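Colleague: Listed here are the chains, written in short residue letters.
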Amino acid sequence: MIARLAGAVLMAGLATAGPSARQATFSARVEGVRIDVLVTDGGRPVPGLGPADFEVRDNGVLQTIDLVSLGDVPLGVMLALDASRSVNGEQLRNLRAAGRLLLDGLRADDRASLLTFDLAVALRAPFTSAFADVARALDETTASGDTALVDAALGAVLVADRDGGRNVVVIFSDGTDTASFMPADRVVQTAERSRVLVYGVAAPGVDDTGFLRALAAGTGGRLVELERAGDPGAAFRDILEEVRRRYLVTFTPTGVARGGWHRLDVRVNRRGARVHARSGYVSASQ
Amino acid sequence: MDGPLIGLARLPGDELRALWTSIQILLQVADNPWVTRFRVPRATRADPRFRRDTIIVFTPDQQRRLQSLVERVRRRGIPLFLQRAIVAHTDVVVLAPDVAAAAYGTSYASDPIRMRVGDGQMDGAESVSLHGERARAVLTRLDDGPDATAFGRDWYRATLAFQQQFESFDSPHLRAALQAFPDDPGIRFMSGCQHEALAGPLFQAFARSYRHSGLRPDIDSSSRELAAAEREFRRALAADPAHTEARLHLGRVLSLRGRHQEGAAELEAAYTDTRDALLQYFAALFLGDAHEALGRLAVARSWYERAARATADARIPHLALARLARELGDDRAAEASLERALARPPVEGQPVEPWWAYRHTQARGAAAQLDALRLRVVQGGGPP
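Protein chains in written order, with my numbering: chain A, 1 to 286; chain B, 1 to 384.
Worth flagging that the hints you see were computed from the coordinates, not collected in a lab. Fair warning: this is a prediction, and the values are worked out from it, not measured in the lab. For every residue, glycine included, the Cβ atom is placed at its ideal position computed from N, Cα and C. Please note that the accuracy of each hint is not assured.
What the hints assert, rightly or not - In silico contact screen, one side only, chain B against chain A (beta carbon under 7 Å); selected entries:
no., residue
1, Pro201
2, Leu202
3, Arg208
4, Pro345
As the list claims (entries may be wrong) - Computed footprint of chain B on chain A, listed as stretches where at least three residues anywhere in the stretch have a Cβ under 8 Å from a Cβ of chain B:
no., segment
5, 154-166
6, 174-180
As the list claims (entries may be wrong) - Taking CB as the label site, the calculated pair distances span:
no., chain 1, residue 1, chain 2, residue 2, range
7, A, Ala97, B, Ala367, 38 to 46 Å
8, B, Glu339, A, Ser279, 25 to 33 Å
9, A, Arg263, B, Ala367, 52 to 60 Å
10, B, Gly329, A, Arg213, 28 to 36 Å
Could you build all of it, start to finish, from the sequences and the hints given here?
Modeller: Encoded structure:
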């Protein structure tokens, strides 16, 4: 979670904050913490918030916010799709169509990736701006076998957390895990400690969404439970829109010891507003 | 199949039926020596509530002769012709499962059914095979002699393995096996494996999906199934302390129950005691997991590395290693492991990650066990 503020992500983020901020940050190579925050009111994202509207506490210590940016930073979106045998047939066709819809919603400087899972977890397309490659991999996806949802979530988070970019995992499943090796709590913990934002999408009728809910919540994302059979497309599109309306809040930790797990508490000064943000981050000891 | 069994298969329908009726009469007398009437169902698959049956009434002399025959069978063990009958019934189930399921015909709501589960959902249901039940009935009612016990034990071991290789968990069959052979390590081991599998997410998801229906899957809660599995593996080991595979499963179950330290000790013993590469792979994989749960990340890493080296088809240890490497700040190692963990899956027919087959690895000898059973009958291994 602790991000070295350098590289493409920071440049894109600072472009909205002006050149002076860019110079200051590059010259010092300050280690900052980046929090991807969604603020909603009545379920709708709240626009127009500035640094003064946010309050961030790191292990209970109030922090000075360096930057608040609306999420116009290029996105990396990983689709992690359940391709187990229960998804076969029409649901698989709908899932492919939904994936293409999401790819159509990406901008030229965004990137996309595809990971599928049944018993095996397979990275079908690494992060790329060549969306046609991802679409092709999507079309080649077939469904069979049991569901290794937890193993897949771990694989997706580890891949998406590679480059420190603003990466989002959208993980779709139509059922509960039936085949994973990894313990669910360990994977949720890994996701919490990563810089990745996870959105879960559960097909209608899934009776145990506990893992997906915890996974998403731990990263500041959320779980979308589909109400209508066979229509994940709208959910994918809504998630993409929502992600673009999130805030990127950064701060340089002060007054707290380095190292270990830091609990984060993010609030906004809007009555009734709800904040979705990760619950903490791991700080390097030096 | 041997000559006499082929001859049996060529018998005209009415003769086959007469043979079947004779065996049923024998079983009924075994149940109740004083029985004087026997009901022969009509040869129809119509609704049994409306069929008209034939009643055979035994004379006192016939009754005495039947009693004496049953006593003789019990004294001398299952005779060869009954062993042949058991193996023939078994072969119908093994070689022609559709025929075996259809033979049961119409069933009542209270009859047991076998549910097929796939990806946590019910794929279908079928009547429990009449042939399987008939075979078991012969053993449970007539199996007293020492040689018959050996045959029965091997039959139960082979049939349980046969079922478990398809993840077919037939609780009544297992219960009958345990009742007949309560101290047999092989049967206790299979029992433990059944409970361990039923505790897993596949069957728990299935059980949850049926909690509000009229069907009652024979599946307990995960924690109860794990407790039962632990008990069964311990009993298997008490009867045979050298049963390495039981020790491996015990270690995993202990770890799943949160007793990682105890689990690790059993797993290390299993790893050391076996030369079987597959069992060593699982022991190393589970040891990695147990040590990780205990917070010993470096030790966990070394066990995962051993598992990864054990087979070129491994993916799961690489996934675990990628997570650990990332946790330990070793990004280069994390990349290399991730590459292996998320590679394209093998096409059908190619070797796969052993973990994917863990739930039925214990049954990998089923075909050989059934062959041995057939050979034994062909070679006349029991009393005539």
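Colleague: Look at each hint and say if it fits the structure.
Modeller: Each hint tested on the structure:
1. Pro201: 5 Å, holds
2. Leu202: 4 Å, holds
3. Arg208: 6 Å, holds
4. Pro345: Constraint on B:Pro345 satisfied, holds at 4 Å.
5. 154-166: holds (count 6)
6. 174-180: Coverage by chain B holds for the segment 174-180 of chain A (6 residues, Cβ < 8 Å).
7. A:Ala97 x B:Ala367: 38 to 46 Å: 44 Å, holds
8. B:Glu339 x A:Ser279: 25 to 33 Å: 30 Å, holds
9. A:Arg263 x B:Ala367: 52 to 60 Å: 56 Å, holds
10. B:Gly329 x A:Arg213: 28 to 36 Å: 29 Å Cβ-Cβ, so the 28 to 36 Å window holds.
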